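Novice: Sequence:
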Amino acid sequence: DLNSLLAQNDTDQVTDSGETISIDSEIYEKAMEEEYKMFQFRDCPYTEEMGNHMFECIKEYDGFNAHGCFKDSVRLFCPE
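For the record, in the sequence shown the residue sitting at position 77 is 77 according to my numbering, with numbers rising by one throughout.
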């Protein structure tokens with residue numbers, strides 16, 4: 001649920017060891033913006049066509065940028 005994602009504390013985060021660390025609010029906001037963009041496509045099924053597009057994209061980047069290629073394929077093949 002996106003509402004529970006947005007309810008996270010944007011100033012501090014507790015680590016596995018129990019320590020609290022500060023989070024840069026600009027980085028946090030950018031990350032949440034990206035999460036929201038991907039959340040919009042949550043009901044879009046991953047198709048073979050998307051997989052082929054992603055494969056070609058990763059080949060183009062010599063095996064790198066898989067995350068960017070995935071986001072690109074979702075935006076290209078999924079209606080908003």
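Keep in mind the hints are simulated off the structure, nothing from the lab.
Don't take every hint at face value.
What the hints assert, rightly or not - With a cut-off of at most 27 Å between alpha-carbon atoms, the simulated BS3-like pairs for lysine-lysine come out as follows: (1) Lys71 to Lys37; (2) Lys59 to Lys37; (3) Lys59 to Lys71; (4) Lys71 to Lys30.
Said to hold, decoys possible - Have a look at the derived ranges for each label pair, beta carbon to beta carbon: (5) Gly63 to Lys37: 35 to 41 Å; (6) Glu26 to Leu76: 36 to 42 Å; (7) Ala66 to Glu19: 16 to 22 Å; (8) Ala66 to Arg42: 18 to 24 Å; (9) Asp43 to Gly68: 17 to 23 Å; (10) Ser17 to Thr47: 38 to 44 Å; (11) Ser25 to Ile58: 30 to 36 Å; (12) Lys30 to Tyr61: 17 to 23 Å; (13) Tyr36 to Glu60: 23 to 29 Å; (14) Glu19 to Asp43: 34 to 40 Å; (15) Asp72 to Ile27: 18 to 24 Å; (16) Lys37 to Phe64: 17 to 23 Å.
For clarity, every value in this text was computed on a predicted model and none was experimentally measured.
Every residue gets a Cβ at the ideal spot worked out from N, C-alpha and C, and that includes glycine.
Novice: Compare the structure with each hint and give your call.
Specialist: Hints, one by one, checked against the model:
1. Lys71 to Lys37: 9 Å, holds
2. Lys59 to Lys37: 25 Å, holds
3. Lys59 to Lys71: 16 Å, holds
4. Lys71 to Lys30: 15 Å, holds
5. Gly63 to Lys37: 35 to 41 Å: 25 Å, violated
6. Glu26 to Leu76: 36 to 42 Å: Given about 28 Å between the Cβ atoms, the range is violated.
7. Ala66 to Glu19: 16 to 22 Å: 31 Å, violated
8. Ala66 to Arg42: 18 to 24 Å: 19 Å, holds
9. Asp43 to Gly68: 17 to 23 Å: This hint holds: roughly 22 Å between Cβ atoms.
10. Ser17 to Thr47: 38 to 44 Å: 42 Å, holds
11. Ser25 to Ile58: 30 to 36 Å: 33 Å, holds
12. Lys30 to Tyr61: 17 to 23 Å: 22 Å, holds
13. Tyr36 to Glu60: 23 to 29 Å: 27 Å, holds
14. Glu19 to Asp43: 34 to 40 Å: Holds - the Cβ-Cβ distance for Glu19 and Asp43, about 37 Å, lies within 34 to 40 Å.
15. Asp72 to Ile27: 18 to 24 Å: 22 Å, holds
16. Lys37 to Phe64: 17 to 23 Å: 21 Å, holds
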